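J.: Letter by letter, the chains look like this.
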Amino acid sequence: MPDLIEKNAPAQAVASAEPKPEKPRSLGLDAWHDLRKRPVFIISAALIVLLIAFAIAPSLFTSVDPRAGDLRLHYLTKPNYLHFFQADWFGYDGQGRSIYARMIYGARASVVVGICVTAGVTVLGGLAGMIAGYYGGWVDTIISRVTDMFFGIPLLLGALVVLNAFTTRTVWSVVFALVALGWTQMTRVMRGSVITVKQADYVTAARALGAGTARIMFKHILPNAIAPVIVVATIALGGYIATEATLSFLGIGLQDPTISWGIDINSAQKVIRTAPFALFFPAGMLSVTVLAFIMLGDAVRDALDPKLR
Amino acid sequence: MTTALEKTTAAKDRLVPGTPLLEVRDLHVEFKTRDGVAKAVNGVNYSVAAGETLAVLGESGSGKSVTAQTIMGILDMPPGRVTAGEILFRGQDMLKMSNEQRRKIRGRKIAMIFQDALSSLNPVLSVGYQLGEMFRVHEGASRKEAKAKAIELMDRVRIPAAAQRVNDFPHQFSGGMRQRIMIAMALALEPDLIIADEPTTALDVTVQAQVMDLLAELQAEYHMGLILITHDLGVVADVADKIAVMYAGRIVETAPVHELYARPAHPYTKGLLRSIPRLDQKGEELYAIKGLPPNLYKVPAGCAFNPRCDVATDLCRTEIPALHQVTDRDGAELAGRKSACHLWKETLHG
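Protein chains in written order, with the UniProt record's numbering: chain D, 1 to 309; chain L, 1 to 350.
Bear in mind the hints are in silico, worked out from the structure with no lab data behind them.
Predicted model, so just to flag it, every value in this text is computed and none were measured.
You may find that some hints are simply not true.
[What the hints assert, rightly or not] Calculated cross-link-like contacts (lysine-lysine; reagent style DSBU-like; alpha-carbon spacing at most 35 Å):
no.	chain 1	residue 1	chain 2	residue 2
1	L	Lys-149	D	Lys-198
2	D	Lys-219	L	Lys-147
3	L	Lys-149	D	Lys-219
4	D	Lys-198	L	Lys-298
5	D	Lys-219	L	Lys-144
6	L	Lys-149	L	Lys-96
7	D	Lys-198	L	Lys-104
8	D	Lys-198	L	Lys-144
[Said to hold, decoys possible] Computed list of chain L residues with no C-beta within reach of chain D, every gap over 12 Å:
no.	residue
9	Ala-49
10	Pro-78
11	Ile-151
12	Lys-338
Positions of the beta carbon are idealized from the N, C-alpha and C atoms, including for glycine.
Between the sequences and the hints, there should be enough to build the whole structure, so can you do that?
T.: See the structure below:
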């Protein structure tokens, strides 16, 4: 009997006395531990790292100038698939420029557009969603209706109109157009998420302990509300890259001399019968990139959403 | 800790003797909803002095938590609305203060302990961060100072191995430990008054006693006022100095704790006491107050308790009873005893 009492009474003392083997983990750290073990994450992350390396230092991968056209060489000069990393590895395009070099250099525009647009919509849309969700009432009504109006504009059509206003279009004009039209998605996700988190007891508790509005919003609500936004943003990143290529293909996105896969796909489509490789490599690269980001988004969602575990 | 103690004692000395620390006067709170106006608090009066414990007792919907939230200024407005009354803290009406003034009182002068510690602690921030936040918000402490103070606080509420556990997250603690962290957070800046909203409801019985003891001990040490909101008569018996029983947004009886248990002066209190299971009533059916708690959209006319009362008369159905001063058989006033029942004499002496 004394034995029994001994076991029951200081229950919590026993529980806390034994050393914890696991280190304290935040949600982010927890997600990271989970991610590291997923093949989908490893593959997509490796692809993205490679892509970013292309974007930062393309000259590491090819010594050929992607803009130097030698008209003696063009797509009728068949590619030599055994000349690894050489100018003629994947052949030449219509103006005698190395397709391999352009494939490498084209990553920069895609990566810059993808990352900048995602960062822009997340900050802009996230902030709008946060304000709408936190304050509610007429503030929410106004932001939500504006969001609905923007949401009604098809992204591609809207971007065509906006980009038409620029005489010279650079990467930044494309980023501007896509951010201006794409932020609504993040606003909606963030707003919903904030409304849920706002009602949590710990937000009331923080208020009761004297925390100000900014502290409650950014320290208590944001970290709890951000997970779905990260997931949507990662998946959307691939979509923005595809949209940039689409716009460039249509001739309304990036312009020569900027190198973009979309431009190359456009010029290659005219010679698809004689030189399919000219289309295959930039298009393949685009598909792999978009796929890598969508796979990453899936993996991140699985890691951040406890319900899917 | 001596300096801290001196500081609090000095602060208490400034208080004019006889003035309560907190006084709620004729407070009315209502909620506007789609179904109409719910009158949650209908003229509550109570006061707490430094070092005193007031237990506010009542069933769900009696307005005890709403009163506390109004004092803290964390009531959601809208839909909530204070329609009348005053909340005097050290003689100043808090309802007339600016938001910024009230924010400075929250946490520093008046702190609150919540019912469910797991949901009241932010799951993504370490407990050390959340404890230290008090010092960073109110005293502009650096990260490092805040963390040192957090460890000190965790030691004070007797969390073992505080220095190792300061970076742990709320879900890594047991229920009792989490409630200790909530207490530590409330105590952080040595407030004058603590409002504990059912602090032990979410805990099991053995841990309940430990947490209550800790709270009572720290209260005595810092000479704080404590408002203990509960629906559990067992919890308050040992800790409270006086009890206010609430029903349908009104105080129906106030009394020093032991007198209330010994001789209730309101049929509702009597019913509550009779419905506690007792060892010497083995084999008998447990008494229960008949009927349901009142619908706050349509509080009964007269005494709100009359439909459930065994002794209700016609007067009870028409006239709202005032909070009468209770006297003994000889007509001498019983200190601190009041009852809002037309028939308090019969209830007390009969």
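J.: Take the hints in turn and mark each one as holding or not.
T.: Hint-by-hint comparison with the structure:
Between Lys-149(L) and Lys-198(D), the direct Cα distance comes to roughly 28 Å. Compliance with the 35 Å bound is thereby established for this hinted pair. Proximity of Lys-219(D) to Lys-147(L) is assessed by CA-CA distance (about 17 Å); at most 35 Å being required, the pair is judged to hold. At roughly 20 Å between alpha-carbon atoms, Lys-149(L) and Lys-219(D) fall within 35 Å of each other, so this suggested pair holds. This hinted pair checks out: Lys-198(D) and Lys-298(L) have alpha carbons roughly 31 Å apart, not beyond 35 Å.
Between Lys-219(D) and Lys-144(L) the CA atoms are separated by roughly 18 Å; this keeps the pair inside 35 Å, and the hint holds. This hinted pair checks out: Lys-149(L) and Lys-96(L) have alpha carbons roughly 33 Å apart, not beyond 35 Å. At most 35 Å may separate the alpha-carbon atoms for a hinted pair to count; Lys-198(D) and Lys-104(L) meet this at roughly 22 Å. A threshold of 35 Å between alpha carbons decides the hint, and for Lys-198(D) with Lys-144(L) the separation of about 29 Å falls inside it, so the pair holds.
Every CB of chain D lies more than 12 Å from the CB of Ala-49(L), the least distance being 22 Å, so the non-interface label holds. Remark: the non-interface label on Pro-78(L) conflicts with the geometry, its nearest Cβ contact in chain D lying 9 Å away (cut-off 12 Å). Every CB of chain D lies more than 12 Å from the CB of Ile-151(L), the least distance being 14 Å, so the non-interface label holds. Distance check on Lys-338(L): its Cβ is at least 30 Å (rounded) from any Cβ of chain D, clearing the 12 Å threshold; non-interface status holds.
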